[in-house]
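Peer 1: Place chain B on chain A using the hints.
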Amino acid sequence: MKLTDIYWYLRPDIIKIEKEIENNIDARHPVLEEASSHLLKAGGKRIRPVFVLLAAQFGNYDLNTIKHVAVPLELIHMGSLVHDDVIDDAELRRGKKTIKSKWDNRVAMYTGDYIFAKAIELATYSDNPELHHILADAMVEMCIGEVEQIRDQFNWQQNFRIYLRRIRRKTALLISVSCQLGALVAGAAPEVQRQLKRYGYYVGMAFQITDDILDFVGTEKELGKPAGSDLAQGNVTLPALYAMERDRRLNYKIVSFLQQSGTEAIDMKSVIQQIKQTGAIHYSKKVADMYLNKALTALEPLPESQAKEALTQIAKYIGDRKF
Amino acid sequence: MRAFDNYNKELNRVFDSFYTRVSHPYIKKFLEDPVVDTDQAAVLFYMLKDKGYSRQYIHDCILTALFVQAALDTHETVNVHGLGTETLKTKRQLTVLAGDYYSSLYYYVLSQLGDVPLIRVMAKSIQDINESKMSIYKQHKKKYKPGIRELKNVYTSLLKNIAEFTGSADRVALIEEFFLFKSLLAERDLFLDHGYCGKALNLFYGSSEIKLNSLNEKFIIDQFNIYIEASMIELEKLLRHNNGSADYIQLRFDELLQKYRLKEQCAVEEG
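Which chain is which? The protein sequence lines are A and B, in order.
Per this note's numbering, numbering through the first sequence is continuous, rising by one, with the last residue being 941.
Per this note's numbering, numbering through the second sequence is continuous, rising by one, with the last residue being 379.
Chain A on its own, in the form it takes in the complex:
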């Protein structure tokens, strides 16, 4: 089963949201317009709008109201991808040239700034001021999270707490906010909003941990980048952290690599093998499952509905996903 099969019944509304996004990045300048739509055409799961739509079904579902949250959230995600590609000096995204690669860093900066500002402007057309507290708070947190990710690159003195805080800001926050805001603008009860916020947070955490596991167990073809790329770039994720605690020799090897800021070569194949031998993958999977169970528990008090079933299925899908 594909992820999109879970929320197939939302397809017409997702298409409308896509159209809204497309209509709203109609910059006057041809390069700005082309750069913005270039990213849109590259596709994506649109998972944030999906969470908004599903969460909104626990209140008064009105697409004209919900779009003031669904569109900005996807645009914020898109804007951050454009800037992330400058940060990572990335050439490709989803198999297509990045904006910074097709044009240059400056075009990417202008495009990202334009998209972020457009997202915020669109959010101001919602008549719910609380939306801005939540969204602005999330944006500040996400920025701090990204700064801390740079700070923690090649930092061998990390612990689980730092890792969890990092992925919370990097991934879980925006998914959590998507669920919370969907429920908020649809006027769902405060308790429902809280439960959906929790659900989004736990799903986001599980999603990122699963991503971090896949980086060690996937092949280059499956991942679209060499296995172990996160570690090679100095990002110490849960499997590596666990393995470093379990295996002293491996710890020494990874620490030496990190201390050299990745400038000295490392036999990543053998490192990955050693990480696997410590049981790190199994352990990380257990942590991801723990978050998924918490996500499912958060859904329990909510009334039975097609949306609840879809959110349950999405959580399970994330737990089972291979790539």
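Do not take every clue at face value.
[As the list claims (entries may be wrong)] Pairwise CB distance ranges (calculated):
1) Ser879(A) with Gly303(B): 32 to 38 Å
2) Pro630(A) with Tyr304(B): 49 to 55 Å
3) His751(A) with Lys319(B): 47 to 53 Å
4) Lys157(B) with Val873(A): 55 to 61 Å
5) Arg257(B) with Phe778(A): 51 to 57 Å
6) Ile256(B) with Arg712(A): 38 to 44 Å
7) Arg163(B) with Lys843(A): 49 to 55 Å
8) Lys157(B) with Gln931(A): 57 to 63 Å
9) Lys894(A) with Ser125(B): 50 to 56 Å
10) His349(B) with Arg712(A): 54 to 60 Å
11) Ser125(B) with Phe778(A): 35 to 41 Å
12) Lys319(B) with Lys894(A): 54 to 60 Å
[As the list claims (entries may be wrong)] In silico lysine-lysine, DSS-like type, Cα no more than 25 Å apart, as pairs:
13) Lys659(A) with Lys714(A)
14) Lys197(B) with Lys136(B)
15) Lys199(B) with Lys715(A)
16) Lys117(B) with Lys157(B)
17) Lys620(A) with Lys871(A)
18) Lys659(A) with Lys788(A)
19) Lys788(A) with Lys197(B)
20) Lys894(A) with Lys926(A)
21) Lys912(A) with Lys788(A)
22) Lys788(A) with Lys137(B)
23) Lys912(A) with Lys871(A)
24) Lys232(B) with Lys634(A)
25) Lys371(B) with Lys326(B)
26) Lys659(A) with Lys634(A)
27) Lys715(A) with Lys117(B)
28) Lys720(A) with Lys199(B)
29) Lys843(A) with Lys715(A)
30) Lys197(B) with Lys137(B)
31) Lys345(B) with Lys159(B)
32) Lys199(B) with Lys788(A)
33) Lys788(A) with Lys136(B)
34) Lys232(B) with Lys159(B)
35) Lys663(A) with Lys871(A)
36) Lys714(A) with Lys319(B)
37) Lys720(A) with Lys319(B)
38) Lys637(A) with Lys136(B)
39) Lys843(A) with Lys197(B)
40) Lys197(B) with Lys720(A)
What the hints contain is simulated information worked out from the structure, not anything from laboratory work.
All residues carry an ideal CB built from backbone N, CA and C; glycine is no exception.
Peer 2: For chain B alone, coordinates are given in the frame of chain A:
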């Protein structure tokens, strides 16, 4: 001349808030604090004060405008190509993130105040400015020919939109012209002193990739002077028509003009 009595005290309070909020220990290790344009803050201060806005509103409006400007200016310094050393790479990464962080601060502060209309003004200004920056940077002569209007937009869109929003539309022309004049002078100085190629240069020349020689250097300086003189005339005209509500701009204009004349005189004397 109106006394600029509370100017320093009030604005210093804004600047303190600004530097406290933008300060991040890790960013600080690699990047300088953003530079505040005190003229921008002062013009906003007098404009809002004259309209009778509260002390707190003036503080918050200037503070958030400074965040927006800091974000835009910071992103302008992201290097176009190449990675260089590890430190340069980290610097570039943090420059991107610092700009995003400053930008998120304007949204955060205004959302706490519940000032949704002002959030929209700021967000629209950022879009306008980036549209104009792109027009100047990637000139598309057939479809979209940029002009001095685009340059004015880059330097003044934020102030212009705030002025219109806060009921000071009558000051827009003067504000636009003053900041255009000031920016042209600053870019000209940078070019003369360091050969720096800024936005105006890109506009005159049609490209940021310029190999300087004596011929095109003369052309560029002539272009600068033409635009500066034109702006100066326009600014004098606008100042003559103002009814005493632009003392600060008049004062700063006189200072800048004096500096410009002095530099011109030196250039003539040095041959």
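Peer 1: It remains to establish, for every hint, whether it holds in the given structure.
Peer 2: Cross-check of the supplied hints:
1. Ser879(A) with Gly303(B): 32 to 38 Å: 34 Å, holds
2. Pro630(A) with Tyr304(B): 49 to 55 Å: 53 Å, holds
3. His751(A) with Lys319(B): 47 to 53 Å: 52 Å, holds
4. Lys157(B) with Val873(A): 55 to 61 Å: 58 Å, holds
5. Arg257(B) with Phe778(A): 51 to 57 Å: 55 Å, holds
6. Ile256(B) with Arg712(A): 38 to 44 Å: For Ile256(B) and Arg712(A) the Cβ distance comes to about 40 Å; the hint holds.
7. Arg163(B) with Lys843(A): 49 to 55 Å: 54 Å, holds
8. Lys157(B) with Gln931(A): 57 to 63 Å: Holds - the Cβ-Cβ distance for Lys157(B) and Gln931(A), about 58 Å, lies within 57 to 63 Å.
9. Lys894(A) with Ser125(B): 50 to 56 Å: Given range 50 to 56 Å: holds, Cβ gap about 51 Å.
10. His349(B) with Arg712(A): 54 to 60 Å: 56 Å Cβ-Cβ, so the 54 to 60 Å window holds.
11. Ser125(B) with Phe778(A): 35 to 41 Å: 36 Å, holds
12. Lys319(B) with Lys894(A): 54 to 60 Å: Given a distance of about 55 Å, which is inside 54 to 60 Å, the answer is holds.
13. Lys659(A) with Lys714(A): 10 Å, holds
14. Lys197(B) with Lys136(B): 15 Å, holds
15. Lys199(B) with Lys715(A): Holds: Lys199(B) and Lys715(A) sit about 24 Å apart, inside 25 Å.
16. Lys117(B) with Lys157(B): 14 Å, holds
17. Lys620(A) with Lys871(A): With Cα atoms ~39 Å apart, Lys620(A) and Lys871(A) exceed 25 Å; violated.
18. Lys659(A) with Lys788(A): 24 Å, holds
19. Lys788(A) with Lys197(B): Between Lys788(A) and Lys197(B) the Cα gap is close to 20 Å, so the pair holds against 25 Å.
20. Lys894(A) with Lys926(A): Violated: Lys894(A) and Lys926(A) sit about 36 Å apart, past 25 Å.
21. Lys912(A) with Lys788(A): Since the Cα atoms of Lys912(A) and Lys788(A) sit roughly 19 Å apart, the hinted pair holds (cutoff 25 Å).
22. Lys788(A) with Lys137(B): This hinted pair holds, its Cα atoms lying about 22 Å apart.
23. Lys912(A) with Lys871(A): It is violated: about 35 Å lies between the C-alpha atoms, which goes past 25 Å.
24. Lys232(B) with Lys634(A): OK: Lys232(B) and Lys634(A) at ~24 Å, within 25 Å.
25. Lys371(B) with Lys326(B): 16 Å, holds
26. Lys659(A) with Lys634(A): Answer holds: Lys659(A) to Lys634(A) is near 15 Å, not above 25 Å.
27. Lys715(A) with Lys117(B): 51 Å, violated
28. Lys720(A) with Lys199(B): It holds: about 22 Å lies between the C-alpha atoms, which stays within 25 Å.
29. Lys843(A) with Lys715(A): Cα-Cα ~14 Å, so holds.
30. Lys197(B) with Lys137(B): Roughly 14 Å separates the two Cα atoms, so the pair holds.
31. Lys345(B) with Lys159(B): 23 Å, holds
32. Lys199(B) with Lys788(A): OK: Lys199(B) and Lys788(A) at ~20 Å, within 25 Å.
33. Lys788(A) with Lys136(B): Measuring from Cα to Cα gives roughly 21 Å; hence the hint holds.
34. Lys232(B) with Lys159(B): OK: Lys232(B) and Lys159(B) at ~23 Å, within 25 Å.
35. Lys663(A) with Lys871(A): 37 Å, violated
36. Lys714(A) with Lys319(B): With Cα atoms ~33 Å apart, Lys714(A) and Lys319(B) exceed 25 Å; violated.
37. Lys720(A) with Lys319(B): Given that 25 Å is the threshold and the Cα spacing comes to 24 Å, the pair holds.
38. Lys637(A) with Lys136(B): Violated, at about 41 Å.
39. Lys843(A) with Lys197(B): With Cα atoms ~21 Å apart, Lys843(A) and Lys197(B) stay inside 25 Å; holds.
40. Lys197(B) with Lys720(A): 20 Å, holds
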